[in-house]
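With chain A fixed as given, assemble chains B, C, D, E and F with the ligands onto it according to the hints.
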Amino acid sequence: MIEPLLVSVYIFVLAIFVGFETITKVPPLLHTPLMSGTNAISGITLVGALISAGAGHSSLSTVLGLLAVIIATINVVGGFMVTDRMLEMFKKGKKKD
Amino acid sequence: MIEPLLVSVYIFVLAIFVGFETITKVPPLLHTPLMSGTNAISGITLVGALISAGAGHSSLSTVLGLLAVIIATINVVGGFMVTDRMLEMFKKGKKKD
Amino acid sequence: MNIIIALAYLLSSILFILGLKNLGSPKTARRGNQLAMSAMLIAIIVTLTKNEILDFTYIIAGLIIGSAIGVIIARKIQMTAMPQMVALFNGLGGGASALVALAEYNRLTGEPRIDVIISMVVSLFIGAVTFTGSLVAFGKLQGLIRSAPVVFKAQRFFNISLFILFLIIGIIVIINPANSTGLLTILAIALILGVLFVMPIGGADMPVVISTLNSCSGLAAAATGFVLSNNILIICGALVGASGFILTRIMCKAMNRSITNIVFGSAGTATTNNSNNDKRKVVSYTEEDASIMLESAQTVIIIPGYGLAVAQAQFALQELVTILINKSINVRYAIHPVAGRMPGHMNVLLAEANVSYDLLFDLGDINDDFQNSDVVLVVGANDVVNPSARSDKDSPLYGMPILNADQARSVIICKRSLSPGYSGADNDLFYLDKTQMIFGDAKESINAIIKLLKA
Amino acid sequence: MNIIIALAYLLSSILFILGLKNLGSPKTARRGNQLAMSAMLIAIIVTLTKNEILDFTYIIAGLIIGSAIGVIIARKIQMTAMPQMVALFNGLGGGASALVALAEYNRLTGEPRIDVIISMVVSLFIGAVTFTGSLVAFGKLQGLIRSAPVVFKAQRFFNISLFILFLIIGIIVIINPANSTGLLTILAIALILGVLFVMPIGGADMPVVISTLNSCSGLAAAATGFVLSNNILIICGALVGASGFILTRIMCKAMNRSITNIVFGSAGTATTNNSNNDKRKVVSYTEEDASIMLESAQTVIIIPGYGLAVAQAQFALQELVTILINKSINVRYAIHPVAGRMPGHMNVLLAEANVSYDLLFDLGDINDDFQNSDVVLVVGANDVVNPSARSDKDSPLYGMPILNADQARSVIICKRSLSPGYSGADNDLFYLDKTQMIFGDAKESINAIIKLLKA
Amino acid sequence: MKIGIPREIYEGEKRVAIVPKMATQLLKEGHEVFIEANAGEGAYFTDIEYDRIGAIIVENAQLLYSEVDVIMKVQPPQREEVEMMRDSSIYIGFLSSVLDDEFLNLINKKSITSFAMEFIPRISRSQSMDALSSMASIAGYRAVLIAAQHLGKFFPLMMTAAGTIPPAKVLVVGAGVAGLQSIATARRLGARVEAFDTRPAVREQVESLGAQFIEMELVADAETATGYAKEMTEEFMKKEREIIGERAAQNHVVITTAQLIGKKAPTLITEEMVERMQEGSVIIDLAAEQGGNCEITEPGKNICRHGVTICGVLNLPSTLPIDASAMYSRNITQFFKHLYNGENRKLDFEDKITKSSCVTHNGEIVNDYVRNAIRKGANT
Amino acid sequence: MKIGIPREIYEGEKRVAIVPKMATQLLKEGHEVFIEANAGEGAYFTDIEYDRIGAIIVENAQLLYSEVDVIMKVQPPQREEVEMMRDSSIYIGFLSSVLDDEFLNLINKKSITSFAMEFIPRISRSQSMDALSSMASIAGYRAVLIAAQHLGKFFPLMMTAAGTIPPAKVLVVGAGVAGLQSIATARRLGARVEAFDTRPAVREQVESLGAQFIEMELVADAETATGYAKEMTEEFMKKEREIIGERAAQNHVVITTAQLIGKKAPTLITEEMVERMQEGSVIIDLAAEQGGNCEITEPGKNICRHGVTICGVLNLPSTLPIDASAMYSRNITQFFKHLYNGENRKLDFEDKITKSSCVTHNGEIVNDYVRNAIRKGANT
Ligand SMILES: NC(=O)c1ccc[n+]([C@@H]2O[C@H](COP(=O)([O-])OP(=O)(O)OC[C@H]3O[C@@H](n4cnc5c(N)ncnc54)[C@H](OP(=O)(O)O)[C@@H]3O)[C@@H](O)[C@H]2O)c1
Ligand SMILES: NC(=O)c1ccc[n+]([C@@H]2O[C@H](COP(=O)([O-])OP(=O)(O)OC[C@H]3O[C@@H](n4cnc5c(N)ncnc54)[C@H](OP(=O)(O)O)[C@@H]3O)[C@@H](O)[C@H]2O)c1
Ligand SMILES: NC(=O)c1ccc[n+]([C@@H]2O[C@H](COP(=O)([O-])OP(=O)(O)OC[C@H]3O[C@@H](n4cnc5c(N)ncnc54)[C@H](O)[C@@H]3O)[C@@H](O)[C@H]2O)c1
Ligand SMILES: NC(=O)c1ccc[n+]([C@@H]2O[C@H](COP(=O)([O-])OP(=O)(O)OC[C@H]3O[C@@H](n4cnc5c(N)ncnc54)[C@H](O)[C@@H]3O)[C@@H](O)[C@H]2O)c1
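Residue numbers (numbering that gives the first Met the number 0), protein chains in the order written: chain A, 0 to 96; chain B, 0 to 96; chain C, 0 to 454; chain D, 0 to 454; chain E, 0 to 379; chain F, 0 to 379.
If we strip away everything but chain A, and leave its shape as in the complex, we get:
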């Protein structure tokens, strides 16, 4: 029963490589937006939270899951929106005319 773990490890390693390679040279002005954007992406844990919250096992799990859903959603929604706001401002500065 070790197989699934190994597969996960493969996927993990490959994804790490993809992550390393995609971000190479980021100008400092983009640091904050990029951080904010990846932060929103890491809100993917929401998917986990949904599964937990929806599993409907013990009530404790459900409550924990609910809490997790709420804060993960804040992370995702807020994160993406804030990132977009920053980038929008950036765009404007660029093409004022």
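Please note: incorrect hints may appear among the correct ones.
Stated by the list, open to error - Think about it this way: if two alpha-carbon atoms lie no more than 25 Å apart in a straight line, the pair counts; the simulated DSS-like pairs of lysine-lysine are: (1) D:392 to F:354; (2) D:450 to C:326; (3) D:453 to C:26.
Said to hold, decoys possible - Using C-beta positions, here's what the derived DEER-type ranges look like: (4) D:363 to E:121: 48 to 54 Å; (5) D:357 to F:237: 50 to 56 Å; (6) D:174 to C:252: 56 to 62 Å.
Since the hints were made in silico from the structure, they are not lab data.
Note that the Cβ used here is the ideal one computed from N, Cα and C, for glycine as well.
What follows is chains B, C, D, E and F with the ligands alone, placed relative to chain A:
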């Protein structure tokens, strides 16, 4: 019984991304060595050939496997060596002194 | 059905990767963010259709409450408060991972797989550290906590001890998954460690800390993925973990500091009183910032000085100007009458570089235009832009007319250090908020900017 | 045991990725190749220890024979024959994939999984196409087959029909895996298609074809991986498939052609007699080649001409020279007495760019040094390096002393086109094998080279 | 105030103290400007131009002097000019070369308030009044043109079908304002330039213009507080001459600008050194006015010795009259504005610039430097 | 052969036909070189130098002429010089300006083989012999220096504490070899330069030197096969003068170089146009020798009209004697080597260069162009 396939697909897609990202800007002088090197890498099919040849089922399979092992080995061994020769020459041109 | 879900997850993963890629370049960043958004949407919808989910009540409630709060915060927040917002969100992400780990632990039945239990412990630990760490960072940036490093004696030793404690208990829990006290202890240790980790770090280094924590929250998500055997969590988590790591490194390089220096710089050395006092602060920027500033400007004024001659940077400078002009930016040179060391020094230099005379303006002709210009690029000039000449009767420069660089929207100054010019007078311009100092030989700096603009 | 194998495979995959990455940059290419080698070694050893393997006789025999042949070929082959070697090896790789697919098919028992059967068909087809395609490419390059495009009427139509036939039979086989005739038909179709695919393509385009086939052989390996559910095959295959694709695109761009143009350019259009005749051939190189040439040179001589003045490239050129000098390359300017359009034209220009006089040499002083110089960079000069001045009595230039650029080991020429200079005489220098033409405005070309050298 | 611009009577002087553009400025400030007829002629400024902008053309000097409160001039006033000045009037212009006992008595008798342009201190805010710098800058530029005119060679390197002509080599001794400008101009023309100065700070400046600095052990405190060079020891001078002699023999053009404020210029080139130079070489001695840096310089003459042309150039700024007038007149205008800028146009002797530059006021010598020099002169 | 270098007797001529370096080359080829005493003096080449390399110093011209086979000169020979030449000797040097019936008869009587440097065709392989180009190049350089000397303004832009001095504006009319060199030199000195020429090919060349080309409808076939400019129609000239007049009024310096081979120079600047120019402007008329491009040019004199200085400069190359001699002597040496390069040093009249440049040979006019011109002259 579809799961393993899906996992393979995941791995395939991620590896494709890694492949896309790793090679970005190659100077023309490196084109041939790079081609030769990746060609040697694609000789990984040797691993498959080994499994086929070693499976010891029907004799036809074994013969086919043996053939596969031979030509895959040529590909791998020859490919890596030729690449190395090319790259070595290139290095020399660089530091003649 | 399962295939479709798996394929949808795969699609979502691909979109996440593309989104992340696009986020890294100024021109595509916004599209990248939108790609990531749709990826997230797909992932959520797919998850909701999954047959693992039995009860939607809490989910819907959670989603609505969370979205509402998220939208409100995102709308209300001031642009200047962005960094603390990112810190806050990041903390929530980490917290969510920790909570999911707890919930899943609670759901455990029978003898769980060892990899699941390991993942759970990791997820819980990293998530919790990220949670309190980010909250402290938020507090520091928001001014709720003293921004200066807070350090107590032997803190480093204490931190390490705590970490070892975590390892021990972790192993115990892994061996005996039923040991829920152990798990809660781990939670407690993680929460404390998060606080201790960030408290000693000064406000100025917070961005790096947040980036590190961001990378951590990615890893926590990946760990959660291991717990749930969910590929998309693993992929996204790994992506964020890796890219966050790279970003941290990039940021450290931009600040010219190493990550260990930041994290362990003051921790455990309570004796040193890290001088983050309110002295005049100079922000050292990189050529990348300068290139972006210049590229997004409409009017740029260039002020050359003696340093341009010393660096013999006139050719590079003119190349830069040509590039900017080709991007239809309005670029002019402002020549101060006594810039350099002899009358007409700048003219000789710029003539060498074949600068068209039409681009040169003298003090009288251009001084009123500074207030309407987006960027002033000062290259090796100092005295001629020193505002103390206007008001400070004790300055050796007092009474000399100067170029009003300080009136521009932003100022980029290329010089090697903070040392004064010919007159020996210190220059307030360097310390303005809108000033970006780029330290280094002018020629090298300009060449670096050119390279970036051409990329 | 299985874990160890899986982890070893993982390690091997990581090494392959790192190897590939390093292969892409001149400085690390050799290390990259070595990394890939060790990755391969690990993969092979791991496979051999796998309990799937029951009988080692054939394996050992195969490995020994294969290695022997590989070593001999790799040792004996001449450097100039490299491209056809790569083609040959590539064909073997494809062939191996096809053989494995056949062997596995033969080994099939019971009702096979549909994905296995699909993978098998794909692997067989791609492998076989790669096999014959590569062999034809080899033949063309080696001169065994006419290098000129071989085309017959309606070939494109025929190819498409064959492909559709393959799809139909493929579906039949997938539905009824026991249909071995179908599989063999697919094999036959694939072998024919490989030949037909490459025959119409001219010798000059072979590198692109080989690269495409290389990418295909990667995909074939990946398909084999699907057949065997073997992750390392999938990963490596995908890596090679993707990077081969990128490389193909890069090569097409370098040759200024599109891949469709190459593949379908002449196929099916038997009427056009693609003019790959033996007329004098000019090879257009890129700034990347030039930058590598320059970087690996020890002595560089620069010959400026009137085009330098027209392009106003003197500043860029001097920047380039400075960069090269900083890399401790011996760089000099050779100034022809009548370069430009007035006496001393080059001197005025180079003085503008502040070129030190010590770098300037006149014809008499430098003409004997060309034969000992690695690279001559000709920037916008033409008549002054035209060898016809030496020997061709009919040339308007006959009798004028010229700079012996043609005696250098290699020549890089930056100009916009093949058009002649002031005298109107055609220049044989452009057509030499050692000459690299870089077409475009001199300033832009030089700037591009600078950018690459700085990167 | 009533400002008067007489025509310069000094021989060969073509400059004018106020050009029409600056006259306009003065008029705007509420002054009246009187100008002697044809005063701008040498610099191609016609009376018509002055008239057009509202200056008053005065037929002759006598009339002008009797009319105005302030006299602005380029060259120091000659005796007859001082005599024409009104009592208690103000003089602004160059002055130091005529400052002797007799002259001072003369102007003090008339209670003339006099300002010497030379004495404006070299501080940051006075740079726009610094006529020494602006005129030195012209001299440096002109020196190179004169050298190029006398040298039978190209300045730039020329690689032509008729052979390669190596660039002229130029040695600049003394890299002050004039020297630096010479370096810049010679470099513009394509010459190889090397330079020497006693002040160590100059090295970087010379190099920033693309010239070579000649190595020699320099003297750390070669500079006075005001930026001028100090006099060197005889031992140092000997060593310096050795090095210069050696370099001069390698160069085609030597431009010397070494000056010591208020002293005879140091002798840097002896006849023996001239003899060692190449035939056809040229020496431009910008210090000719102060006796010359070359031993055999004859101020105001071009002589040829040992195949070397030695130009003892005088008053170079006057050979570029249009721009020299423009610059000088801007300097003097700024200076005047600074002096009389208060509400009631009163002098502020607290101010460093006013204090340093004023020579006489209310019938007395107010300048410490001049007073000391006169006293010393009286003692010996 | 015995090669003789007389001292130039033309007034003001400072060049010498062969400098020591080239004499060495000739000696190496097995020739003997005779040189009149002090022949190199004007260009600072001493007899000692010639002596050292093995040339023979001859006391006076009479002796020299009687001794040698080949005479190499710069200026065309004057009557007394021809008379001194030996029968059947060879003359190489400039010639065209003295080529009239009388002169030709004189040298033909003596059967002198004469070569005119001016007639060397402008083909690629003759570029090293092209003295017109090398001397024009010197003239172009010199013209700018003279302009800078006469202009009362800086050439470069100067932004100084004493105000911003705008750069001088220079207009170059005729962008042949001399014109291009003027453009380059003026640009080196920092002036703003614009230029005009009738040949369309010149536009790119002017721009390649960083100057502006003045727009005007150009004439496609303004060029002869040999690269010289053709004469224009009167209508075109009128339009050209209009444009030049307008531009000249905007510029401080005008340098004219327009020449038509073998004809009087075209009049491009009329007195009325001079009047419209700014006071203090300078015109350098390089075509003064051919009558001048400016109507009021007085060849050999600097005159001042309407506030404009007009320099009718003559023989500029002689004002840069060192380099001019070096270049000319390289040209003539290459030419001589080309003429007499065979085994037995015989002329090859099949060769284009020999054929075009030879004027008389064996007592006859062998040059088509000269023959036609003489015949035409005889007809009218
Ligand atoms: N124009 C004249 O006629 C004249 C004559 C004499 C004096 N002055 C005086 O000179 C001053 C001129 O002002 P300014 O602003 O031109 O010069 P400045 O005030 O002297 O400042 C020049 C600056 O350039 C920087 N620098 C030097 N080398 C450099 C390099 N390689 N790369 C980058 N930066 C370099 C120096 O800072 P770092 O060391 O930190 O790099 C220095 O602060 C005025 O005070 C003026 O009064 C002028
Ligand atoms: N020096 C003199 O005194 C003088 C005077 C008159 C004539 N000439 C004659 O001029 C010729 C000089 O030889 P040369 O080799 O210097 O020049 P050239 O033979 O005229 O060749 C110049 C080359 O530069 C290229 N070019 C033009 N613009 C360019 C740009 N923007 N970027 C890149 N390349 C550019 C042109 O090719 P593309 O169009 O393909 O780009 C052209 O072939 C000789 O034949 C000489 O006899 C010299
Ligand atoms: N306000 C200001 O900031 C300001 C304005 C103008 C000039 N200055 C400074 O004042 C300095 C002097 O300027 P100047 O041109 O009026 O000086 P100057 O005319 O008095 O002297 C010319 C040069 O000769 C040099 N010299 C003297 N004796 C020498 C010797 N024996 N050998 C070699 N060189 C010798 C001096 O060092 C000086 O550089 C300048 O370098 C400049 O930096 C400052
Ligand atoms: N062998 C060679 O390749 C070679 C050598 C030297 C010169 N050339 C060519 O020959 C050309 C002529 O050279 P040059 O300097 O001896 O010419 P030049 O001295 O005969 O004339 C000078 C210039 O005046 C111009 N001109 C004539 N009439 C004019 C008018 N009405 N208005 C304006 N301009 C007028 C001419 O076009 C020419 O450019 C040069 O441009 C050069 O390209 C070629």
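Hints, verified against the model:
no., hint, in the structure
1, D:392 to F:354, "18 Å, holds"
2, D:450 to C:326, "18 Å, holds"
3, D:453 to C:26, "23 Å, holds"
4, D:363 to E:121: 48 to 54 Å, "51 Å, holds"
5, D:357 to F:237: 50 to 56 Å, "52 Å, holds"
6, D:174 to C:252: 56 to 62 Å, "58 Å, holds"
Of the numbered hints stated above, none is contradicted by the structure.
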